[in-house]
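A.B. asks: Top to bottom, those sequences are chains A and B.
As numbered in the numbering used here, residues 6 to 274 make up the first sequence, in order.
As numbered in the numbering used here, residues 4 to 233 make up the second sequence, in order.
Errors might be hidden in some of the hints.
Calculated lysine-lysine pairs in the DSS-like style (CA-CA distance at most 25 angstroms, straight line) [said to hold, decoys possible]: (1) K107(B) / K221(A); (2) K160(B) / K7(B); (3) K228(A) / K209(B); (4) K201(A) / K57(A); (5) K94(B) / K201(A); (6) K23(B) / K208(B); (7) K221(A) / K147(B); (8) K82(B) / K221(A); (9) K147(B) / K261(A); (10) K201(A) / K107(B); (11) K46(A) / K201(A); (12) K175(A) / K228(A); (13) K185(A) / K271(A); (14) K94(B) / K228(A).
The set of hints was computed from the structure by calculation and includes no laboratory data.
Computed from a predicted model, the values in this text were never measured in an experiment.
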Amino acid sequence: MDISNLTRDYLHKLFKEGQRFDGRGLLDLKDVSIEYGVSNKAEGSARVKIGKTEVIAGVKIDVGTPYPDSLDSGNLVVSGDLLPLASPRFEMGPPGFGGIEVPRLIDRLLRESGFIDFEGLCIKEGEKVWTLYVDVYPINDDGALIDAASLACVAALRHATLPELTEDQKVNRESKGKKKVPLNESMLPLSFTFFKLGDSLLLHPTREEEEACEAKITFGASKWEGTLMINSCQKGWETTFSRADIETMMDTIPEKYEELSKKLNKLLK
Amino acid sequence: MVLKRVSGRKATEMRPMIAKVGVVPNADGSAIFAFGNSIAIAAVYGPRQLHPQHMQDPSTGILRVTYDLLSFSVSDRKKPGPSRRSQEISKVIEWSLLPVLDLKEFPNTVVDVQVYIPQADASTRVAAINAASMALAHAGLPMKDLVTAVSVGKLDKDLVVDVDKDEEDFEGGEGPTDFPMAKIAQSEAFTLLQLDGKIPPESVKKALAMGSDACNEVYEVQKKALKEFV
Numbered sequence: 006m007d008i009s010n011l012t013r014d015y016l017h018k019l020f021k022e023g024q025r026f027d028g029r030g031l032l033d034l035k036d037v038s039i040e041y042g043v044s045n046k047a048e049g050s051a052r053v054k055i056g057k058t059e060v061i062a063g064v065k066i067d068v069g070t071p072y073p074d075s076l077d078s079g080n081l082v083v084s085g086d087l088l089p090l091a092s093p094r095f096e097m098g099p100p101g102f103g104g105i106e107v108p109r110l111i112d113r114l115l116r117e118s119g120f121i122d123f124e125g126l127c128i129k130e131g132e133k134v135w136t137l138y139v140d141v142y143p144i145n146d147d148g149a150l151i152d153a154a155s156l157a158c159v160a161a162l163r164h165a166t167l168p169e170l171t172e173d174q175k176v177n178r179e180s181k182g183k184k185k186v187p188l189n190e191s192m193l194p195l196s197f198t199f200f201k202l203g204d205s206l207l208l209h210p211t212r213e214e215e216e217a218c219e220a221k222i223t224f225g226a227s228k229w230e231g232t233l234m235i236n237s238c239q240k241g242w243e244t245t246f247s248r249a250d251i252e253t254m255m256d257t258i259p260e261k262y263e264e265l266s267k268k269l270n271k272l273l274k
Numbered sequence: 004m005v006l007k008r009v010s011g012r013k014a015t016e017m018r019p020m021i022a023k024v025g026v027v028p029n030a031d032g033s034a035i036f037a038f039g040n041s042i043a044i045a046a047v048y049g050p051r052q053l054h055p056q057h058m059q060d061p062s063t064g065i066l067r068v069t070y071d072l073l074s075f076s077v078s079d080r081k082k083p084g085p086s087r088r089s090q091e092i093s094k095v096i097e098w099s100l101l102p103v104l105d106l107k108e109f110p111n112t113v114v115d116v117q118v119y120i121p122q123a124d125a126s127t128r129v130a131a132i133n134a135a136s137m138a139l140a141h142a143g144l145p146m147k148d149l150v151t152a153v154s155v156g157k158l159d160k161d162l163v164v165d166v167d168k169d170e171e172d173f174e175g176g177e178g179p180t181d182f183p184m185a186k187i188a189q190s191e192a193f194t195l196l197q198l199d200g201k202i203p204p205e206s207v208k209k210a211l212a213m214g215s216d217a218c219n220e221v222y223e224v225q226k227k228a229l230k231e232f233v
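Generate coordinates for the entire structure from the input sequences, incorporating the hints supplied.
C.D. replies: This is the structure we're talking about:
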C-alpha cells in the first residue's frame, strides 16, 4: 500500500481516539446516492456514489442454455475490472486479483441471498433460459469500493427489464421489454466491509484510510423471511481478526443494515 | 441437533483425518492432509530466487501460493488450468498463512507453496491450508505457530463441523451454509474467514466457537505428524 508511515501512525493514533479526518465516527457511513440509466443500451444500469467513490453497473440480458444441474433456472454472470481510469492504484493489463475478487464477492452475495428469482428466468425448461450479465466498473475509487459496487449491481438489477423475443426467438434489441427482471426485492442484499488498523475497526473508509489498514473483511447480508442473514464473507489481507472482532461486527451489522436500508428505500426504484 | 447427518456423524465430529509430512522428496517441505475423502498435497520450494525480478522485495521474502483441483478430483471433470475460483482461493490461502511466517531474513526471495487436490469431498481449501502449514513447518521455515483450518456448516438451523459434499448440497429449510475458517493454532486470531449461505449473526458467533474447538483437534493431528517425522 502506498502510504507514508507518518500518515499511518497518525491515523492509528486518531482511530484509537475514535476520530477520523473527515469528522465521522469509526463506524459512521458515508453519504450514499443512486442514479439510474447510465447507458440506454443496457437492460438496466445504475451509478452509485458512496462519498467520493463512484461505481457504475450495467445489466445485459441474453438467451442462454441452462446448466445441467439446474434445468429450470436462469444464469447469472458477474464480472468487472478495476479500470485504471478510476485510480492511480489500478494497473493496466489482464485483471489482477482485485478484478477477480470484486465480482466474485458480489456474485456470492447475490446468489446466496436469494435476491434473484432464478426459476423466474426460465423460458423453456431444459432448453432456454435468460442469462443475466452484470458488469460493474469503478469510475473513482475513494475507498469502500466493494460496498459501492455491490449496491450498484443491486440497483442496476432492480432497474433492469427482460428483453422481448422476436418471432424467430432471438432477442429483440430494437425496443425495451416491459417485464421487470424477477427479483425478491424485500431481501435487499447489502455488503459491509470492515477495515482494521491496530485494534480499531472502521466502515466506509476513504482511500487513504483504506491504504493505512492491515486487514479487511467483507460481509454480505440480506433479509430472509424478515430475519437478517449473513450470506457471504471473505477476509482479506495479511493481518488477523480476533474472535472478539468478529463478534463486534455481528453486533454492528444489524444496526448498520437497518440504517442503510432505511436510506436506500427512498433512493431505490 | 434436529437433523441427522448423512454420514451419521455427530455435530462436532470430524471425518477421520490423515496427516503426513515428507511426501514429495524433491520439495524442501511437503505434506498431505485429508478430511475423510478430501485430500490435499502440499509442497514448499524455497526460499529461492524470485523471477520476474521486478517482483522482488528487498525488505522481505514473499509467499506465493498456488491452489487448484486436479482435473479428475471432482464428478464433472475440472478443466485444467487456473480459474477465477482457484485464483481467489490461492490468494486467501496465502493470506491465511502469512501471519505466522517471518520471511524478513530472506530478502528478494520467494517461498512457493503448491497445493493440489487429487480427490475432493468438500472442505478442500481448509484441507489445503492444513497441508500447506505442515509443509512450511517441514521445510524448516521460521514460523510463530501452525495454522489450522476447518469448515463449519449450517444445515437448516443446525451447526456441524467439517462439511462433506452431501452436506454442501443439502436442501431444505434455511439451506446449506459453508463457513471455512483458519486460525493461528494456539490463539483465537483468525487468518481466513469465508462464508456462503444464510446464517444469522448470532449463529456466526456460535460457529466460530465450534470451529475454534475443531481447529484444536486438527492441531493435535498436525503436531503428531510433524513429530513422527522427527
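A.B. asks: Each hint should be assessed against the structure and marked as holding or not.
C.D. replies: Taking the hints in turn, this is what the structure says about them:
no. : hint              : verdict
1   : K107(B) / K221(A) : holds (23 angstroms)
2   : K160(B) / K7(B)   : holds (12 angstroms)
3   : K228(A) / K209(B) : holds (20 angstroms)
4   : K201(A) / K57(A)  : holds (21 angstroms)
5   : K94(B) / K201(A)  : holds (19 angstroms)
6   : K23(B) / K208(B)  : violated (32 angstroms)
7   : K221(A) / K147(B) : holds (22 angstroms)
8   : K82(B) / K221(A)  : violated (31 angstroms)
9   : K147(B) / K261(A) : violated (36 angstroms)
10  : K201(A) / K107(B) : holds (23 angstroms)
11  : K46(A) / K201(A)  : violated (40 angstroms)
12  : K175(A) / K228(A) : violated (36 angstroms)
13  : K185(A) / K271(A) : holds (19 angstroms)
14  : K94(B) / K228(A)  : violated (30 angstroms)
Hint check: violations occur at hints 6, 8, 9, 11, 12 and 14; the rest are consistent with the structure.
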